[in-house]
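Asks: Here are the chains, one letter per residue:
There are 6 protein chains.
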Amino acid sequence: MDTNKRYEAGINAMEELFSQDVRNGMAGIKDISPDLWNMIVSFGFGDLYSRNTLSHAQREIITLTSLITQGAFDQLRVHLQAALNVGLTKEEIIEIILHCTGYVGFPKAVHAMGIAGEVFKENE
Amino acid sequence: MDTNKRYEAGINAMEELFSQDVRNGMAGIKDISPDLWNMIVSFGFGDLYSRNTLSHAQREIITLTSLITQGAFDQLRVHLQAALNVGLTKEEIIEIILHCTGYVGFPKAVHAMGIAGEVFKENE
Amino acid sequence: MDTNKRYEAGINAMEELFSQDVRNGMAGIKDISPDLWNMIVSFGFGDLYSRNTLSHAQREIITLTSLITQGAFDQLRVHLQAALNVGLTKEEIIEIILHCTGYVGFPKAVHAMGIAGEVFKENE
Amino acid sequence: MDTNKRYEAGINAMEELFSQDVRNGMAGIKDISPDLWNMIVSFGFGDLYSRNTLSHAQREIITLTSLITQGAFDQLRVHLQAALNVGLTKEEIIEIILHCTGYVGFPKAVHAMGIAGEVFKENE
Amino acid sequence: MDTNKRYEAGINAMEELFSQDVRNGMAGIKDISPDLWNMIVSFGFGDLYSRNTLSHAQREIITLTSLITQGAFDQLRVHLQAALNVGLTKEEIIEIILHCTGYVGFPKAVHAMGIAGEVFKENE
Amino acid sequence: MDTNKRYEAGINAMEELFSQDVRNGMAGIKDISPDLWNMIVSFGFGDLYSRNTLSHAQREIITLTSLITQGAFDQLRVHLQAALNVGLTKEEIIEIILHCTGYVGFPKAVHAMGIAGEVFKENE
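Chains as they are written, first to last, in UniProt numbering: chain Y, 1 to 124; chain X, 1 to 124; chain G, 1 to 124; chain H, 1 to 124; chain Z, 1 to 124; chain S, 1 to 124.
Isolated chain Y, as found in the complex:
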């Protein structure tokens, strides 16, 4: 894929994952570092989310798990919404967090579940 195509593919993937509002918020990083923005779009979403073999829903299972495991709770909020957007149910998301208790311990799982509760409420 050439550079323009990678960027375009990334933008397309982001449109499936995030609302216009969230994408506008993410694009704020362009003011500080246009290069980081390009890497996020072209590598993060173009090279990774645009690949086949796994669905967006499966990719969000991976993303949520990695964010919970590393304690990246700011990004978790955005991806909990993305997970709902690409078709994971509230029940499946809760189940992902429950499964994590055995692998990362309760503190991170409880923290994640609290944020999930807030995101679910915003979607009622």
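The hints are simulated quantities; they were obtained by calculation from the structure and are not laboratory data.
Given the structure is predicted, the values throughout are model-derived calculations rather than measurements.
Please note: incorrect hints may appear among the correct ones.
In the DSSO-like style, the derived pairs of lysine-lysine whose C-alpha atoms are separated by at most 27 Å in a straight line are [to be verified]: (1) X:LYS30 x Z:LYS90; (2) S:LYS121 x Y:LYS5; (3) G:LYS90 x H:LYS90; (4) H:LYS30 x H:LYS5; (5) X:LYS5 x G:LYS121; (6) S:LYS90 x X:LYS121; (7) Z:LYS30 x H:LYS5; (8) X:LYS121 x X:LYS90; (9) S:LYS5 x Z:LYS30; (10) S:LYS30 x X:LYS90; (11) S:LYS121 x S:LYS90; (12) G:LYS5 x X:LYS30; (13) X:LYS5 x G:LYS30; (14) Y:LYS121 x G:LYS90; (15) Y:LYS30 x H:LYS121; (16) Z:LYS121 x X:LYS30; (17) S:LYS30 x S:LYS5; (18) Y:LYS30 x Y:LYS5; (19) H:LYS90 x Y:LYS30; (20) G:LYS90 x G:LYS121; (21) G:LYS30 x Y:LYS90; (22) Z:LYS30 x S:LYS90; (23) Z:LYS5 x H:LYS30; (24) H:LYS121 x H:LYS90; (25) Y:LYS121 x Y:LYS90; (26) S:LYS5 x Y:LYS30; (27) Z:LYS30 x Z:LYS5; (28) G:LYS5 x G:LYS30; (29) X:LYS5 x X:LYS30; (30) Z:LYS5 x H:LYS5; (31) G:LYS121 x H:LYS30; (32) Z:LYS90 x Z:LYS121; (33) Y:LYS5 x S:LYS30.
The calculated label-pair distances, taken between Cβ atoms and stated as ranges, are [to be verified]: (34) Z:THR89 x X:VAL22: 30 to 38 Å; (35) X:PRO34 x Y:ASP31: 54 to 62 Å; (36) H:MET26 x G:GLU122: 17 to 25 Å; (37) H:PRO34 x X:GLU122: 51 to 59 Å; (38) Y:SER19 x Z:GLU122: 52 to 60 Å; (39) S:THR53 x G:ARG23: 48 to 56 Å; (40) Z:GLY87 x X:VAL22: 35 to 43 Å.
The beta-carbon is built from N, C-alpha and C at its ideal position, and this holds for glycine as well.
Assemble chains X, G, H, Z and S onto chain Y, guided by the hints.
Replies: Then chains X, G, H, Z and S, alone, in the frame of chain Y:
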């Protein structure tokens, strides 16, 4: 679920995930701490893997991701085999690791891919 | 221990560790996931804190250290109060954090000490 | 170096890194634990930052990277300012964060870049 | 404490914690970096382990927990032996690891228990 | 940069960092996942190491620090050699590790210094 049923459910889940040999190896922990063994079986596999809502294949996506993110490469080897046993393909496992590059960086992803290569070879 | 007894043991342990207010706050997780609440009570507090061999004070030394090491500072606040409740002194808690500097570095230790200062003030 | 000299060397290093305001804020830890304050000054800044072989600017490259990698974003803010104070440019700091994407993944890099943007704005 | 006294205090603490053989092994680091050796002895063992308020046994509870939480399994082996040397029983050490399952998840706890089993065998 | 140029830039950067032998070893990952290889070369070395603003020596300071902080000791060995190749001295590398003690604690710093000692010996 009462205590016996939790343990039984755990043993059943482990039979679906791991070969007899692997389960024997895991049971070695009983010699040091029968209580840890009980927690692994009853909580880890009984309470978590025996739940519905997510399939074993989906649970292994979570498990692999969490192990890669926390750098738990000894346990990763066992769960890469379990992932194959419950129906994830070689291509899907590679894709999980590729997706992780964006979330955990290359060092852990490369380490994981190296171990995956060894596990794939054992399954040829 | 059967299921009811595990839950009961967990509730009893929580009563020794946390005030009514804190327990009410923790129970808020039931609205999002009653299953996570059950695991916290039955496994976290029933299976772990209710065991013998280590006192509650010794268990809080472990808990505080693990939370500091993994940077789980939200949960740290609650367990700093629990540590005081089960008899660790302010001096001992400060000493735990000082000892951690050598094992986790200054950034996490300083963060923990700041929170400890706030908790100590609430207990004056 | 004897004890007084280590402390003095630490205070001198801190004066090169941090403004009077920031140093006053950091000294607040003395109210909770004078021993932690002594360790921060004598070991952290006296034994480490006062050494030769690496410049303060090089030391801040290390510090920023370690804080980003471990997700210690509170301390990151203070050291982003220190990095500017000892002569790293805005462009170099952005570049450090970009380089980190490959080693720690995007979530921590994006978080760090957001904070860097705020610190840069305060310095305009 | 002046510099010589800090070093001496560190050497004394190390004698209570480690066998002559282990101390000789640790001192090997002097060939690469005498400065790191000095920091380990003077800060790690002189400033930290030589303090009062907590016993050596309590300090090893902290050390073991931090090492398990950060996955520092090489250092864990040495400190499991130190824990036995300063009076923690095999049962207490097992209990520390069990308590950690709830805070760090099973993979690290299982890894730690395996190493503990080997250390216990060497002490039979 | 278009796709071929990113790959080429990555290969060029790798030639400055690593010996032919090491590059051959790294390329082994192609047998398992040619896509991961492409990402390593094009993103890791093409997009990141080929940028200006920071020298290769400065980039290796970042890389070493991140690897030490996350405990990625397998990759550390390769990058310790790369650090020497791009002009960091043995004394500077030791100093990077010493500086890390204050930010990540002694266990990881000691582990890193042990590996550095082995790499230095191979370069005598």
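Asks: Compare the distance between the alpha carbons of LYS90 (chain H) and LYS30 (chain Y) with 27 Å, and conclude whether the hinted pair is satisfied.
Replies: holds (15 Å)
Asks: Against the 27 Å threshold, does the CA-CA distance of LYS121 (chain Y) and LYS90 (chain G) hold or violate the hint?
Replies: violated (39 Å)
Asks: Between LYS5 (chain X) and LYS30 (chain X), is the straight-line Cα distance small enough, at 27 Å or below?
Replies: holds (19 Å)
Asks: Is the straight-line distance between the alpha-carbon of LYS30 (chain Z) and that of LYS90 (chain S) 27 Å or less?
Replies: Between LYS30 (chain Z) and LYS90 (chain S) the Cα gap is close to 15 Å, so the pair holds against 27 Å.
Asks: Against the range 35 to 43 Å, how does the distance between the Cβ atoms of GLY87 (chain Z) and VAL22 (chain X) compare: consistent or not?
Replies: Once the Cβ atoms are compared, 37 Å apart, the range 35 to 43 Å for VAL22 (chain X) and GLY87 (chain Z) holds.
Asks: Do the alpha carbons of LYS30 (chain Z) and LYS5 (chain H) lie within 27 Å of each other, as the hint requires?
Replies: Satisfied, since the Cα-Cα distance of roughly 24 Å is no more than 27 Å.
Asks: Does the alpha-carbon distance linking LYS121 (chain G) and LYS30 (chain H) stay inside the 27 Å limit?
Replies: Answer holds: LYS121 (chain G) to LYS30 (chain H) is near 14 Å, not above 27 Å.
Asks: With a cut-off of 27 Å on the C-alpha distance, tell me whether LYS5 (chain G) and LYS30 (chain X) pass.
Replies: holds (24 Å)
Asks: Under the criterion that the straight-line Cα-Cα distance not exceed 27 Å, is the pair LYS30 (chain S), LYS5 (chain S) satisfied?
Replies: Distance of about 19 Å is within 27 Å: holds.
Asks: Is 17 to 25 Å a correct range for the gap between the Cβ atoms of MET26 (chain H) and GLU122 (chain G)?
Replies: holds (22 Å)
Asks: Within 30 to 38 Å or not, the Cβ separation of THR89 (chain Z) and VAL22 (chain X)?
Replies: Because 31 Å falls inside the window, the suggested range holds.
Asks: Within a Cα-Cα threshold of 27 Å, do LYS5 (chain G) and LYS30 (chain G) meet the stated pairing?
Replies: holds (19 Å)
Checked against the numbered hints above, the structure breaks hints 2, 3, 5, 6, 9 and 14 and satisfies the rest.
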